[in-house]
Amino acid sequence: MTWATIAAVAAVCITLRVAAPLLLADRRLPPPVERRLNATVVPLLAALVAVQVLTARGEPHVDARAAGVAVAAGVFLVRRSLLLALVVAAAVTAALRLV
Amino acid sequence: MNAVTDDARIIDGARLAAPFAAADFLDGVAFGVVAVGLGVGAVQATVLSATAFSGSAQFASLTVLGDHGSLLAILAAVIALNARYLVFGASVAPSLSRNPFRRIAEAQMLTDASWALSLRGGRPNRAVLVGAGLVSFLTWTTGTAAGAAFGGVLDDTSAVGLDAALPAFFVCLMIERLRTRGDVAAAGAGALLAVALAPFVPAGVPLLVVLATALVLRSA
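Just so you know, the sequences run in chain order A and B.
Numbering (our numbering) for the first sequence: 1 to 99.
Numbering (our numbering) for the second sequence: 1 to 220.
It is worth saying that the hints were derived from the structure and are not from the lab.
We treat Cβ as the ideally placed atom computed from N, Cα and C, and that holds for glycine.
Please note: incorrect hints may appear among the correct ones.
To be verified - Looking from chain B toward chain A, a few residues come up when the C-beta cut is under 7 Å (computed):
#, residue
1, V34
2, L72
3, S91
4, A105
5, V171
6, L173
7, L197
8, V205
Looking at chain B on its own, in the form it has when it is part of the complex (with noise of 0.2 Å):
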């Protein structure tokens, strides 16, 4: 792969994610006021976005240690939470780097969307994960500080609708990947069994079965 297309690739994926930016700018906003408001500092919160860098895990963060949560709790959920980072990575292994500083980086900008997006060929492009990745990660880095920094101003994303526009971004994803009636029939399972098991289990683990079923079920 040469550098040119390299570049032109991550431009895309930079491109093809910059329609959420904005939501994802608001769900920083979001996390920086509320960590705030739980007594997290802000320089705390906005490091905590730019390492852990996953809004579900943070969230789930504040969550427990609004509850007294002890920190193996915490870590028990983000764990749950971010399991299938683990199968993300897998997948996206082969397109990865070979020099193990970069491949970590490149790794790091992993996110539900960024390897939806990265996989959109049929074959990981680690150029799109990168671009895509990089939209997310400072949309969301920069939108916590400035939440921590400014708490309270615009915290309600829900007004303008931006928050449909993450899982409607999702479910484009999905449809483009919808070729046979398997697929389909596998989308449907997906969500039903999720929704199912949601009310029994703790968050992040409805998501991990579906995925185990899938990699179990499917070999096609």
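Looking at chain A on its own, in the form it has when it is part of the complex (with noise of 0.2 Å):
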């Protein structure tokens, strides 16, 4: 890899974080813009977990790691600890890749 290319790829990922929040400077968006965009959080949220967990290089697969996020998901419903959920998402993917 060249420092070109770093230079670029570390170019265009700034950019993409900075551009909005420069370009919109002290304005606020407006309120149903606002509202819009905390709309995606959740169907966002729920694409990025199904494509890390239920895809493997493009296809669909399952594997102890969606097994793994279910029932961190089932215990974090219960019991609304985030670093619970965490260890138990581990510890079951741990153990099934262990079966």
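The two chains are supplied separately, each in an independent frame; assemble them into the complex guided by the hints.
Below, the structure written as structure tokens:
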């Protein structure tokens, strides 16, 4: 990888992060736009998890990790503890891989 | 906002992100190991992690590089994978500092996790964004340096199930936001759409389509 490639990849990543905050300066987004942006959080998180857990190299795929994440979700629904849920996710996943 | 509560929330953000700091570190190690294995210099890999600060974009860059892809192909993959950060940036913009330099630094702390955490209270919270982002930034960058330097010593995060921690974390953040039946439907639709699209489009595009669809469809 050349330094030019590194600079280009870094420039793209940084630009995507700072573009909106800089262009908006200190103007607030109109409330309807803000509500719309907020409404993207749930479907986007769901998609993020689904792509990570239910696909591998683009193909649908289920493994121990999906089970670990599902159990963690159940635990979190009952006991609202992020830390506990993460520990459960890792433990269940690791245990299933041993089987 | 006074400085004391601001600082307190930075610590809050860091604490919230702490549970997966180990996973971020090991992901960083994995990136460093893979990068050096492909002939990328250790310093180069570390600089890339400290500037691009994006696991998906950096691994994709390595994949394209490994396939002897052009710079243009690399950048196209990076844009597809990270275009959602344009929207993340817009959604946290109102909470960021007025000072343009601080603004840039704060926006640079955007990750999927820090963004979602910063919106936990309903309105974006910049201190949480910075606290959570810093934890990821430090662990990802030092992990990369360690992986690039010691290569191959410790690159298997799956044995201890740590690779499940991050998706579990996102699931929890999502569950916290499920208040109405519409939210549950949106979550199901988002997940289904992403998995259905994954075989047919390049990585990153399913998330973009879900994001665009949600922006258009959901006005509530």
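Going down the list of hints, with the structure as the test:
1. Here the hint on V34(B) is broken, as its CB sits about 12 Å from the closest CB of chain A, past 7 Å.
2. Proximity of L72(B) to chain A is violated relative to the hint, the smallest CB-CB distance being about 10 Å (cut-off 7 Å).
3. Annotation: interface hint on S91(B) holds; nearest CB of chain A at approximately 4 Å, less than 7 Å.
4. The beta carbon of A105(B) is not positioned within 7 Å of any beta carbon in chain A (closest approach about 9 Å), and the interface hint is therefore violated.
5. Hint status for V171(B) relative to chain A: holds, with the closest Cβ pair at about 5 Å, below 7 Å.
6. Look at L173(B): its Cβ gets to within about 6 Å of chain A, closer than 7 Å, so that hint holds up.
7. With a least beta-carbon distance of about 9 Å to chain A, the hint placing L197(B) at the interface is violated under the 7 Å criterion.
8. Annotation: interface hint on V205(B) violated; nearest CB of chain A at approximately 10 Å, more than 7 Å.
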